[in-house]
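Start from the sequences, fold in the hints, and give me the full structure.
Chains as they are written, first to last, in numbering that gives the first Met the number 0: chain S, 0 to 246; chain X, 0 to 255; chain F, 0 to 236.
I should point out that these hints are in silico values taken from the structure, not numbers from a laboratory.
Please note that the accuracy of each hint is not assured.
Below are the DMTMM-like pairs computed for lysine to aspartate or glutamate, each with C-alpha atoms no more than 20 Å apart in a straight line [as the list claims (entries may be wrong)]: (1) S:Lys-64 x F:Glu-106; (2) X:Lys-121 x X:Glu-165; (3) S:Lys-6 x F:Glu-222; (4) F:Lys-25 x X:Glu-88.
Estimated spans, in silico, between C-beta atoms of each pair [claimed, not checked]: (5) X:Lys-253 x S:Lys-8: 38 to 46 Å; (6) X:Pro-85 x F:Asp-7: 34 to 42 Å; (7) F:Asp-103 x S:Val-50: 15 to 23 Å.
Backbone N, C-alpha and C fix where the C-beta goes; we use that ideal spot for every residue, glycine too.
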Amino acid sequence: MGEIKVKNKDVVVPGEILANGMDFLPSYGTYREGEQILASRLGLVNIEGKVIKLVPLSGVYHPKKGDTIIGPVTEILLSGWRVDTNSAYSAVMNMKDATSEFIARGANLTKYFAIGDYVMVKIINVTSQNLVDLTMKGPGLRKISGGRMIRVNSNKVPRIIGKQGSMVSMIKQYTGCRILVGQNGIVWVSGDEPAKELLAVETIKKIELEAHIPGLTDKVNAFLEGHKDSVKGGVKEQNNGGNNDVR
Amino acid sequence: MHDELKNQVGLLLSKQTRLDGRTNEQYREISVEYGVSKNAEGSARVKIGETEVISGVKMEVMKPYSDRPDAGSLMVNVELNPLSSPEFENGPPSILAIELARITDRCIRESKAIDVKKLCIKSGEKMWMVVIDVCTLNDAGNLFDAVALAAVAAVTDAVFPAFDGEIVDYKNKTSDKLPLSKTPVSTTIYKYGDHLLVDPTSDEEKVYDSRMTVGVLEDGSICSLQKGGDDAIEPDIVVKMIELAKVKSQELRKNL
Amino acid sequence: MTYDKRFDGRAFDEMRPMEAKAGVIKRAAGSGWFKIGNTEAYAAVYGPREMFPRFQQNPEKGVLRCFYSMMPFSSAGDRVRPGPSRRSKEISLVTAKALLPVLDLSEYANSVVDIYIELPQTDAGTRCAGICAASIALADAGIPMKDLVCAISAGKVEDKIILDLNYEEDSHEKGVDIPIAMLHNSKKISLMQLDGEISSEEVAQCIEMVKKASDKLFEVQKEALKGRFRVAGDKNA
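Rendered as structure tokens:
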């Protein structure tokens, strides 16, 4: 009979023994060595029935098809733009994927996006060599201006968004900020007052730090409630969280 | 390249605040810890917010330079470790590392804080060569002030190793301190548009117009200056920057 | 001559006190700090990130680069001149080779994982301390890895086989130093060097000693990594 050596939500390290016996199945972040299942990365244990997997707690973003990301334009190419994806691989957005407008041959592409402009785009392809293609065609995809960009660990993005966007909605409600979360860990925050923006940023940083701890939603709620007075005039009522272009 | 960031920083400054909520003239939390490296003759760790540097003093006995036979020697070196920032690279010292080292070197040397004559052991034959190395551990902005503070802190911590006239015995430290008669502190004032501020974060460092690094002694006199950044500064603003540096240097000095 | 009592009074198979932390360098993707006795190492991992020069890229998997360096004031003798030396380059090389067997860089074609190791204070065993810190840093950076690498030196002074030589023992005229890196679970050896003169039986004894030590090293590394995720006042910590 097999034996599980760890509990759900334990933090485990590479090489740590998670279970003994053949009746458990190794999944993401784990591997089998003889009778044992071991961790093959730093992560949070997730046991579902007989399946043991790890939820990563750290690591640089890795581009994935279908992800919506935020990044700056870093280079103007012959027929498009290069975008920094906050990963080891930069991405290319072709003219035809950037706009439905006709762009004449030899046009000045900086008119559309200049170096340093931030864009919210979707990854449409990742090749085996990790060449990445982007598009701006899709709901909510656009150039982003104003506000501020912050970086969080991309593994924490699901917690920042929350179930059906509940976490980010809560932050928007309390702070009145507009927030866009890229799956690559770049987050855009824009509010009408610096104090509100700062509260939103601090809340996001807190979620990043405590993402693995149970009862996160209640803690974040309490945090925002406790700081309500630092942002003037009961933002909760006055603004319903800017627009709804969250992911 | 950083137009959006620059606009944002400018917008916040016009509302008397910054990206992390500080006021223009507010430093992050500063800490100084001494004796952090046992083999060094003196050492210190300085943290300003998340910026962290380690400094150490090594002393060697050498022959004095022929043009100054009756003086010892003092040098400051700065290592921008690639360990401390994705922007630092291996290889020969970058221009930033050299500027940082030269500014700090001048601040300590030109203030005559250490009487180099006292570092001479025997005229024309033996002198102490004092090298202060400052190594970065994490660059979260304002290395200028952190490096200078760490260099001075290491000097105040330093004692001579035992020397019998022939061989330096590094294992046995004496209780003789380095002859430090003044403690220069270096403060850098940054200019963004019409605003002056101190202690920038990495983001703020990307978008400033100009900066002035000011070495200040206990009595408020100035011992070094370095203007940096791309924009030229009006003379009256320069004076303002120096005055602000004098005030802020007292705050920095308290941590020593 | 016999070596009856160690210079610092330790038992022959006793390691110096150890301390470790993860996540000490905020700018890095992952970082580690490891202290054993008076030897102290920082390691920071950057990447996977874009690799330059491009001709060094590997289209099959990510490349690991390692840079070992002693801070100029870290040594007991004269100042260590900054910049690479023959010694630091060799240690960088063997450190990378010590860590590679546990790493899975197959997802990171064309990119590079850089490890920087810096020692602010040294008292022998620097390459081993560097490897222990680097191992923490790589795990902290979320790099897929099958195991942690634990490293420590064993060796001999006069007639005694000893563990974890300090500087006095390392530089003893009858001292033999064998730095060994071991994969914690399989106990396979990924770094081994030796200078001095010793019998093959004694080398085998040294390996046995390091096997036992590796379990203790692993515990220290593990606690460092887990400690990073404890939030003050959290009861699940």
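Enumerated hints in conflict with the structure, sorted upward:
Structure breaks no hint.
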